[in-house]
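Participant: Listed below, chain by chain, are the residues.
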Amino acid sequence: MYRYDITDKTLVRQRVAQFRDQTQRFLKGALSEEEFRHLRLRNGLYIQRHAPMLRIAIPYGLLSAAQLRTLAKIARTYDRGYGHFTTRQNLQFNWPKLEQVPDILAELAEVEMHAIQTSGNCIRNTTSDHLAGITPDELEDPRPWCEIIRQWSTFHPEFSYLPRKFKIAVTGAPQDRAASLVHDIGVHIVRGLNGEPGFEILAGGGLGRTPIIGQVVRSFLPREHLLSYLEAILRVYNLEGRRDNLQKARIKILVRSLGIQEFTRRVEAEWETLRDSVLRVDAVQIERMRGFFKPPAYRALPNLTPDAGKETAFRAWYRYNTTAHKVDGYRAVFVSLKKPGVAPGDATDAQMDLIADLAERYGFGEVRVTHTQNLLLPDVEQGKAYELWQTLERAGLATPNIGTLTDIICCPGLDFCSLANAGSIDVAKLINERFDDYDYIYDLGEIDVKMSGCMNACGHHHVGNIGILGVDKGGEEWYQITIGGAAGADASLGTVIGPSVPKKQVAETIERLLEVYVEQRSSEERFLDCVRRLGIKPFKERVYAAPIAA
Amino acid sequence: MQRRLLRDGQIVLDDWRYVAEAAADPSAPLIVTLDQWRLESDTWLARGSPLGVVLSPEHHAEQLAPDLAHFALIAAQFPGPSEGRGYTQARQLREHWNFKGELRATGYVRRDQLFFMARCGFNSFELPETDIEDAYSAFSTFTAAYQPSNDLGLPHKLRAVSSAVTAYRAQE
Numbered sequence: 184m185y186r187y188d189i190t191d192k193t194l195v196r197q198r199v200a201q202f203r204d205q206t207q208r209f210l211k212g213a214l215s216e217e218e219f220r221h222l223r224l225r226n227g228l229y230i231q232r233h234a235p236m237l238r239i240a241i242p243y244g245l246l247s248a249a250q251l252r253t254l255a256k257i258a259r260t261y262d263r264g265y266g267h268f269t270t271r272q273n274l275q276f277n278w279p280k281l282e283q284v285p286d287i288l289a290e291l292a293e294v295e296m297h298a299i300q301t302s303g304n305c306i307r308n309t310t311s312d313h314l315a316g317i318t319p320d321e322l323e324d325p326r327p328w329c330e331i332i333r334q335w336s337t338f339h340p341e342f343s344y345l346p347r348k349f350k351i352a353v354t355g356a357p358q359d360r361a362a363s364l365v366h367d368i369g370v371h372i373v374r375g376l377n378g379e380p381g382f383e384i385l386a387g388g389g390l391g392r393t394p395i396i397g398q399v400v401r402s403f404l405p406r407e408h409l410l411s412y413l414e415a416i417l418r419v420y421n422l423e424g425r426r427d428n429l430q431k432a433r434i435k436i437l438v439r440s441l442g443i444q445e446f447t448r449r450v451e452a453e454w455e456t457l458r459d460s461v462l463r464v465d466a467v468q469i470e471r472m473r474g475f476f477k478p479p480a481y482r483a484l485p486n487l488t489p490d491a492g493k494e495t496a497f498r499a500w501y502r503y504n505t506t507a508h509k510v511d512g513y514r515a516v517f518v519s520l521k522k523p524g525v526a527p528g529d530a531t532d533a534q535m536d537l538i539a540d541l542a543e544r545y546g547f548g549e550v551r552v553t554h555t556q557n558l559l560l561p562d563v564e565q566g567k568a569y570e571l572w573q574t575l576e577r578a579g580l581a582t583p584n585i586g587t588l589t590d591i592i593c594c595p596g597l598d599f600c601s602l603a604n605a606g607s608i609d610v611a612k613l614i615n616e617r618f619d620d621y622d623y624i625y626d627l628g629e630i631d632v633k634m635s636g637c638m639n640a641c642g643h644h645h646v647g648n649i650g651i652l653g654v655d656k657g658g659e660e661w662y663q664i665t666i667g668g669a670a671g672a673d674a675s676l677g678t679v680i681g682p683s684v685p686k687k688q689v690a691e692t693i694e695r696l697l698e699v700y701v702e703q704r705s706s707e708e709r710f711l712d713c714v715r716r717l718g719i720k721p722f723k724e725r726v727y728a729a730p731i732a733a
Numbered sequence: 200m201q202r203r204l205l206r207d208g209q210i211v212l213d214d215w216r217y218v219a220e221a222a223a224d225p226s227a228p229l230i231v232t233l234d235q236w237r238l239e240s241d242t243w244l245a246r247g248s249p250l251g252v253v254l255s256p257e258h259h260a261e262q263l264a265p266d267l268a269h270f271a272l273i274a275a276q277f278p279g280p281s282e283g284r285g286y287t288q289a290r291q292l293r294e295h296w297n298f299k300g301e302l303r304a305t306g307y308v309r310r311d312q313l314f315f316m317a318r319c320g321f322n323s324f325e326l327p328e329t330d331i332e333d334a335y336s337a338f339s340t341f342t343a344a345y346q347p348s349n350d351l352g353l354p355h356k357l358r359a360v361s362s363a364v365t366a367y368r369a370q371e
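Those sequence lines, one after another, are chains A and B. Numbering follows the working numbering, with no gaps: position 170 of the first sequence is 353. Numbering follows the working numbering, with no gaps: position 122 of the second sequence is 321.
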């Protein structure tokens with residue numbers, strides 16, 4: 184993984200000192216609440232329902248064991264013993280004390296981490312494929328490009344006061360595991376007509392109040408121009424994006440109002456002034472950056488079938504919680520943070536410490552955060568999968584549900600977030616209580632459920648095969664259900680099935696949707712494909728045909 | 200009281216006057232708005248003193264381009280703490296239109312923005328009196344940067360050090 188040089192270290196330490204000074208000025212009364220808000224928001228610090236919430240950047244979801252141990256230590260020392268992994272591969276602490284935040288940042292700086300630009304109207308953490316560098320279907324490892332973008336976007340002097348937040352996702356495989364089509368910019372590694380390396384650039388995707396799928400701005404950009412092209416898009420957005428209405432300030436609204444052709448024309452015109460500037464990324468630098476992401480020292484191992492003859496529980500786990508690796512003899516292993524009864528994406532300090540140990544014992548000391556709020560051990564020898572499973576099982580980290588109904592993406596909701604209209608975590612709990620029969624869950628196959636506690640859509644409900652949105656109805660928590668959304672390369676927005684339902688009826692509503700699917704599916708047809716084929720009508724009719732008992 | 204500002208790293212008395220302030224000082228360098236300039240450019244030119252112009256966030260830098268030679272100063276406005284268009288205007292004026300005069304940030308300008316402003320090419324800053332004495336320290340908050348820039352307002356030049364952008368570093 185990327186290692187800081189003296190400059191990276193210096194910058195992060197100076198940022199800690201700057202934020203310490205800003206916090207002290209606020210605590211002394213030299214900065215007003217409003218003035219401090221603009222400053223703290225650039226550093227991931229929100230004032231929430233109970234306490235400040237601090238969001239820590241995990242660039243493209245990549246963590247070393249040492250970094251994860253530091254996160255565990257921070258959870259133990261400054262928080263209540265746990266942290267929450269987010270859909271943007273970051274980590275949030277819900278209970279830090281404002282006056283201790285500079286100390287937390289100082290601890291992070293020691294392990295090359297920070298909270299820079301994890302909130303505020305600036306370029307946020309660049310996210311990517313959690314299987315980058317290890318998946319067999321990859322064209323090229325996207326992580327060197329993510330790091331190049333991370334550096335370019337960090338403290339960018341021109342783009343630190345954008346109309347609104349700005350999120351970039353990069354993928355290097357045909358299967359899109361980073362939800363890049365619902366990002367402000369999606370960067371796809373592609374090859375040109377003659378095999379030359381470059382990118383397809385999309386812009387204007389996003390969720391929130393107005394969900395929109397991103398559109399292609401340029402179908403092929405030679406690789407050396409990546410930064411100048413990003414700069415041109417950001418510049419057009421910075422000048423033209425709406426600043427009069429927060430709800431309409433994202434780039435997706437600008438792209439939609441100008442139309443993709445006019446937006447593209449303006450970007451290309453701006454790019455002409457920038458393309459041959461010093462932003463050109465040269466081959467030497469690309470190679471240097473690639474050097475940080477070289478494959479580790481894999482052993483020459485045969486492929487095995489470690490689940491053969493083993494108990495059912497292990498076989499289920501091996502099937503659902505591990506995935507193919509490009510190197511023979513290895514598997515990538517998901518550490519499920521979706522245990523029934525636990526808030527999705529939460530991990531305790533002890534679990535984080537354990538996972539750090541396992542990353543060293545069963546890999547090369549690296550852990551990844553998935554955008555579906557699980558963790559991943561990327562390089563596990565197949566022959567050691569069984570003993571790894573036993574350890575994870577004891578720690579409550581082997582729930583065999585990756586990619587299934589109970590692998591729910593979920594925001595913190597009303598329990599923690601001051602924006603939320605309704606609870607999310609308890610809805611996830613109710614769904615888990617209703618669907619606890621794994622034979623049934625496995626029979627349903629691949630299906631994703633995504634839950635947001637408000638229109639801001641942190642839980643990506645619009646692109647869930649089943650989406651659940653919390654709404655406030657006369658002071659009560661109600662939920663609007665959508666079906667048919669998808670976040671991958673075939674991204675689509677879900678359709679609302681009808682009137683919202685109270686919390687107690689969410690699980691029954693989902694059960695009725697699934698009944699229709701089980702009755703109507705053709706063999707091997709996924710829930711998503713079934714909804715796409717049938718439309719929402721049969722689902723809607725079933726849900727609202729008979730009243731659901733209160 | 201005469202306005203103080205931070206220019207090229209020094210606290211100085213402002214020798215420039217906006218139109219509303221100019222009555223008592225008819226020969227002082229004068230800052231007009233873009234509208235005033237367009238309506239009465241001959242009047243302002245006839246005055247014979249150096250001229251500056253105010254650029255609003257919604258104006259595009261290129262609107263000034265035909266008349267750029269007349270201006271020794273451009274003042275970009277920041278109406279509030281979330282305004283960000285001035286950063287782009289500054290870079291365009293410096294890099295694309297090659298503006299060499301004084302580039303001033305006015306409006307909501309606080310020490311915590313100065314570093315970014317200077318990196319974009321601003322070299323003078325109208326700060327509140329309460330901020331001006333301490334603001335100078337903002338220039339040394341960071342001693343490195345990832346991006347190339349036009350840091351005319353900074354006491355020390357910071358070069359891009361991003362490993363992605365070292366073509367710039369290589370020029371040194």
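Don't read these hints as lab results, they were simulated from the structure. Certain hints may be false.
Derived list of chain B stretches under chain A, where covered just means 3 residues or more per stretch with a C-beta under 8 Å from a C-beta of chain A [as the list claims (entries may be wrong)]:
#1 214-227
#2 236-249
#3 274-285
To be clear about the criterion: a stretch of chain A counts as covered by chain B if any three or more of its residues have a C-beta under 8 Å from a C-beta of chain B, and this derived list gives those stretches [to be verified]:
#4 420-430
#5 567-579
Every residue gets a Cβ at the ideal spot worked out from N, C-alpha and C, and that includes glycine.
Participant: Hints first: check each against the structure and report whether it holds.
Facilitator: Okay, the hints, checked on the actual structure:
With a threshold of 8 Å between beta carbons, the proposed coverage of the stretch 214-227 of chain B by chain A is violated, since 0 of its residues qualify and at least three are required. Three residues within the 8 Å Cβ limit are the bar, and the stretch 236-249 of chain B against chain A gives 0, so the coverage statement is violated. By the rule of at least three residues with a Cβ nearer than 8 Å to a Cβ of chain A, the coverage given for the stretch 274-285 of chain B holds, with 5 such residues. Note: the stretch 420-430 of chain A has 3 residues with beta-carbon separation from chain B under 8 Å; the three-residue rule is met and the coverage holds.
Given as covered by chain B, the stretch 567-579 of chain A fails the check, having 0 residues with a CB less than 8 Å from a CB of that chain where 3 are the minimum.
In the structure shown, a violation is registered for the earlier hints numbered 1, 2, 5, in ascending order.
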